[in-house]
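A.B. asks: These are the residues of each chain, in order.
2 protein chains.
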Amino acid sequence: MKQYLKLDEWSIIEEGFDPHNHEISESVFSIGNGFMGQRANFEEQYSGSSLQGSYMAGVYYPDKTRVGWWKNGYPEYFAKVLNSTNWIGIDVDVNGTSLDLAKCTVKDFVRVLNMKEGYLSRSFTAVMEDGKELKIESVRFVSIVRHEIGSIRYSVTPLNFSGELTFTPYLDGDVKNKDSNYDEKFWLEVFKEAGQGTGALTIKTKKLDFHVTSAMFYEILKNGEKLNLDAEIIEREKFVGNRVSVQANEGEEVSLYKYVANVTSRNHGLGQLVEAAREVLNTAVQAGFNALLSEQATAWCDKWKESDIVIEGDVAAQQAIRFNIFQLNQTYSGEDDRLNIGPKGFTGEKYGGSTYWDTEAYCLPFYLSTADSSISRNLLIYRYKHLEKAKENAKKLGFTKGALYPMVTMNGEECHNEWEITFEEIHRNGAIAYAIYNYVNYTGDFAYLGQYGLEVLAEISRFWEQRVNYVPAKDQYVMLGVTGPNEYENNVNNNWYTNRIACWTMEYTLDVLNYLEQNEPERYTELVGKLNLQEEETTKWQDIINKMYYPVDTERDIFLQQDGFLDKELVQVKDLDPKHLPLNQNWSWDRILRSVYIKQADVLQGLFFLGDRYDLDTKKRNFDFYEPFTVHESSLSPCVHSILACELGYQEKAYEMYLRTSRLDLDNYNNDTEDGCHTTSMAGTWMSVVHGFGGLRVKDGVLHLNPFVPGHWTSFSFKVMFRGSRLKVNVTDKEIIVLNETDIPAAISLNGKEHTISGMGDVKVAR
Amino acid sequence: MKQYLKLDEWSIIEEGFDPHNHEISESVFSIGNGFMGQRANFEEQYSGSSLQGSYMAGVYYPDKTRVGWWKNGYPEYFAKVLNSTNWIGIDVDVNGTSLDLAKCTVKDFVRVLNMKEGYLSRSFTAVMEDGKELKIESVRFVSIVRHEIGSIRYSVTPLNFSGELTFTPYLDGDVKNKDSNYDEKFWLEVFKEAGQGTGALTIKTKKLDFHVTSAMFYEILKNGEKLNLDAEIIEREKFVGNRVSVQANEGEEVSLYKYVANVTSRNHGLGQLVEAAREVLNTAVQAGFNALLSEQATAWCDKWKESDIVIEGDVAAQQAIRFNIFQLNQTYSGEDDRLNIGPKGFTGEKYGGSTYWDTEAYCLPFYLSTADSSISRNLLIYRYKHLEKAKENAKKLGFTKGALYPMVTMNGEECHNEWEITFEEIHRNGAIAYAIYNYVNYTGDFAYLGQYGLEVLAEISRFWEQRVNYVPAKDQYVMLGVTGPNEYENNVNNNWYTNRIACWTMEYTLDVLNYLEQNEPERYTELVGKLNLQEEETTKWQDIINKMYYPVDTERDIFLQQDGFLDKELVQVKDLDPKHLPLNQNWSWDRILRSVYIKQADVLQGLFFLGDRYDLDTKKRNFDFYEPFTVHESSLSPCVHSILACELGYQEKAYEMYLRTSRLDLDNYNNDTEDGCHTTSMAGTWMSVVHGFGGLRVKDGVLHLNPFVPGHWTSFSFKVMFRGSRLKVNVTDKEIIVLNETDIPAAISLNGKEHTISGMGDVKVAR
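Protein chains in written order, with my numbering: chain E, 76 to 842; chain H, 76 to 842.
If we strip away everything but chain E, and leave its shape as in the complex, we get:
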């Protein structure tokens, strides 16, 4: 764990340049707008260790699967988000020597991620080998107003000399993915053109034919005056640039403003890409850097109005929660229902930038509460659009009907290739069903069920129907060979959570069928026809619901994680020699598997999702049993425990759990932030605060809150949008104030008591 970042309420600040931290900072200081993302790579040449990353949302490559031993059913490829054209590049030469932070002395280095206004800045003094000193300042952002625009102001001031500064602003498509399975480059050149102050480059992927066009324009000002300079035009394979020199006297600031439009064939016709890029670029150039930056600040201000959390009395916590909210908003804007949320967002290559169950299980609540319901609806529609692929996936695995959503996907096809995960971690199907319930329950958008929801639910239920098998000797159904949410057990029988979420799906599907039959009879008939749904199917579902086998420990009166759980050596984590932790770095895989240690919430995930079906005592018995065996080696683990702990009144445990992920990336807790940030787990941290400390639940159309102030915070406040209203909830030791910031009245329950808050009204209760 490295803690080198300064505490600040609104910014992430790095002071002093340590190359060992650079790749971590490249992740942490990433910028994005939901349509593109950019790691905090330097604009100028850097010969030290760096993971270059410029990502265009939805542009991926089907990288041929690499395995040791092939298993039937493995996918042909793993879809990878692509490192795309390097559009930020501005090389700098001083009297013929390249500026390279690995090759000069760096003084007064400050890197700032301004989260309030949405930009990255950097300033430092470079002392070149020959003693020349330069002051560098840069500001960079990708616009959340204009999704295809990124812009940079890059200023150089000679501090102790006068001489020639040479700038090479460029677009470079000759890039690679570090995680390429066969060390291939994925891009081909399609078009390039460089002119005075301009350049355009189109590259396309070797497979799938994704095209990305980048167009750039730059201008150079000295002491605020625009210069007319004659540039050398550079064109080479997948590269366009200008090389331009400026005479600068000591103390004169030379600023290069670079504007870039990045457009893709996902949003433009192949023949129109260059034109589209230039058009978008021109509008931005006409607006000018300062106006773009100003509209960026305004737009971020609006985002914060919807989603900010204010924590008083703990700057580290304040910074962390804003960082998490900021990264989530940078990753997914919800405007494009073909996009989703990769585990690392746009901050790295790992996990391929693809979609996991993280989205439904952890991210959805954040977007439900902090954005218009259309945003979370789009997350659901993403899966609806993949339904046919999920049905194909089930067929491929030998099922005659139904849908199995993939473990990892970009376009709906399975990408993962570990049998114990790909084929067996099927509880993901339950999370996708649960998200429909969660969305409808939160938003009240019952129309979704007839429009999209039922089809997904029915096909998932059909999958479960075949995935269980009936055991005559028991007169019960069992589910063999699964991996539950706890990936530290593989290929187990009767994982309680999976059995439970499977039956829950079938129950909910039957409920929804009943709802539609009553409320939308025509659509009901239409859907039954479309699905060719037979009565014997729903009868079977009911039979499975009635006769499902659930492993339990009658002595402790708890649900059992799986059939064989109690045969394990029941030694709690606290009694382990700490040198064994984290287990995933110290134990061989078989030892982990046969151990009692739990990677992330499993039975407890079920008690969290289906919280309204279990009483507090049940939750308490299970929590008390399982948490002490849990090593929380998934970043998605602590949040669920934190929320349950809050509900059970274990405030200290809740806060301990919250702390485990709140600053996961800022403090590089898992020693892997250089690969990218843990974006999806950030949503879990948000949940810890709002669902945990805030006690947020939605029941029967009413928003329930049951908050307390954790740790040494003096107070905290958060925003939630609920059925049209936006509420600001402020919690101190003494009182809770809920302020309705909209005109739409809201029905809420505060500490168990119902209130209606009129438009712009508030309610205040003592704690």
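I should point out that these hints are in silico values taken from the structure, not numbers from a laboratory. Among these hints, one or two may not hold up.
It does not matter which identical chain is meant; a pair holds if it fits inside one copy or across any two.
Here are the simulated DSS-like pairs of lysine-lysine, each with C-alpha atoms no more than 30 Å apart in a straight line [claimed, not checked]:
(1) K839 to K260
(2) K470 to K643
(3) K301 to K694
(4) K146 to K605
(5) K466 to K425
On the provided structure of chain E, position chain H as indicated by the hints.
C.D. replies: This is chain H only, laid out in the frame that chain E set:
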């Protein structure tokens, strides 16, 4: 399945050339002598599909592990037997056109593997594009008398023209392994020298520094007269050769005799390799081709005296069993205790040529009965020599003591990288312990126990001691997370076989300790000291033996393959739609895992190994339950079933099982013989005949036989060596005759009745 080979009692014969069968034939017609092996690649250039393979026993390469997802504990490399210098090469040009069977018309093609005398021959007429016809005849062998010598007679006769024939005999070290993980070449050149009629080449592996030197000499005869020719010397990277032309008139036979010595740094000092090769070569050249071939025939005749099986009334069966015996004798001669038996012998690259539990479980009985006991003893010593590595392997996986032998190995280090196999298929440890019992029981060599056996047994028992865990609630020990012999279940709890063989190991270890204390007290004390064996350890072993948990089905009164077995859908193989078979080509891995279908004997493997501990009824109940669920998709499966079926009187089932592997490669039953022959399963077929139909068992120093004539055979006979005597057992429908071919009397039990057969005597009983 392809059946293109002719039936013959002593030879494998291919008539007519079909390029689609060529790679299969390259495997089937392989020749070897336990020290080197050579696929039946053509001597002359061949541009069609071919898997080149020249293997030197014990010369391997640590090829960097390739996996999709790394798991803690995986090995760094997979050791691969290397495709080494191509020493058979003789290119042929006719008036400037290369002879290439892919580019000419081939008539009267016959390829013969003469098993009786141990050589490969080939003859055909090639019609070149320009109409020229050539008769080609070749004979090739690797000497089982001179382990480093291979020789070829290659004759060309122009049939319808007179002209120039050009020969290029060569040694080519610029070869690769098809299964290289990263498409690397593994060899570097060390030395080369070509002269008139000679050549020498030394290459070394890029890692581990194995050196292989090949030296060649050739001469050319026309119409039986040696020619003095001036050859063009060819030297290039890793290649030496001669190019030499001969004028031949229509009908004149030109024969090239090529002699090659292949020596390795395993047997010679690095500085002496070239000299050693030349010396070995010279002796062979002086003897001459015909003498070498003649001594080869004599030596094979001796081999057959020890191991032949004669089947009357079924040529296909006769050919098959001789093929199996021939390949086993070609693969392992037992003279070098650093060598072992790869699953494909020297007939292909697959499985890396490494050692599996196949050796102990399937091959040992063959060598016990058909060779001097020193041969099987060497197989045991191989593992003794790897004991330290096996202890390191256990440590790597988190055990504080004991030994876990690797799943796959070349030098004692684990090479495999699938967690469910590498870390969990630990029953292999039991097979290695069992082999010690099997060897001592068969040979009566009790001295082995004190010399080598106990150390291995004790360290394996120590492993089991830690691998089980005690469950207080049950007051029993369990073993979690294993893969049994049935690899169609992974990561199961309490695999009956593994639990049983673990306890058996501990029982046997305690027995051996007791034996040594009684019979070799000094050595006993020495060994207890060397092992630092504590009383608490043996006490613990006894406690585990007493309190081991074994899953059972009390209703059916059978042992359960594993805890969850009866929750599976119990549909027998015969009730499966045959289009699903083989499952491993049609079902996704998870579907196989949760199915009831068994790849190979599992509970039944235990009842086979520990046959004297279970009564016939118990065997019958378990056989009747498990066999119908068994798909026998391992070539090691049918033999065990066949032997048990014989014991149970299920003669038809026994014969059906025998047929499944007896001609596995000759008929390319599994459509994979092109990768190499299933060498280790050939030993299983031998067991089916001798232990199955012959009913061979050894109890208390007595050889038991209980034979019957299976199928439509009229009679069969087999040889067994037993404690110094060699017995020929001849079985007809009417009688059994056992002939003692040695001077040493033998105590045998025939159909339950004891006899002593005096030296050179016989015993005859009616059936």
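A.B. asks: Compare the structure with each hint and give your call.
C.D. replies: Verification of the supplied hints:
1. K839 to K260: Neither: 60 Å inside a copy, 76 Å across copies.
2. K470 to K643: This pair counts as between: shortest inter-copy Cα distance 21 Å, intra-copy 36 Å.
3. K301 to K694: neither (67 Å within a copy, 95 Å between copies)
4. K146 to K605: This pair counts as neither: shortest intra-copy Cα distance 34 Å, inter-copy 45 Å.
5. K466 to K425: within (27 Å within a copy, 36 Å between copies)
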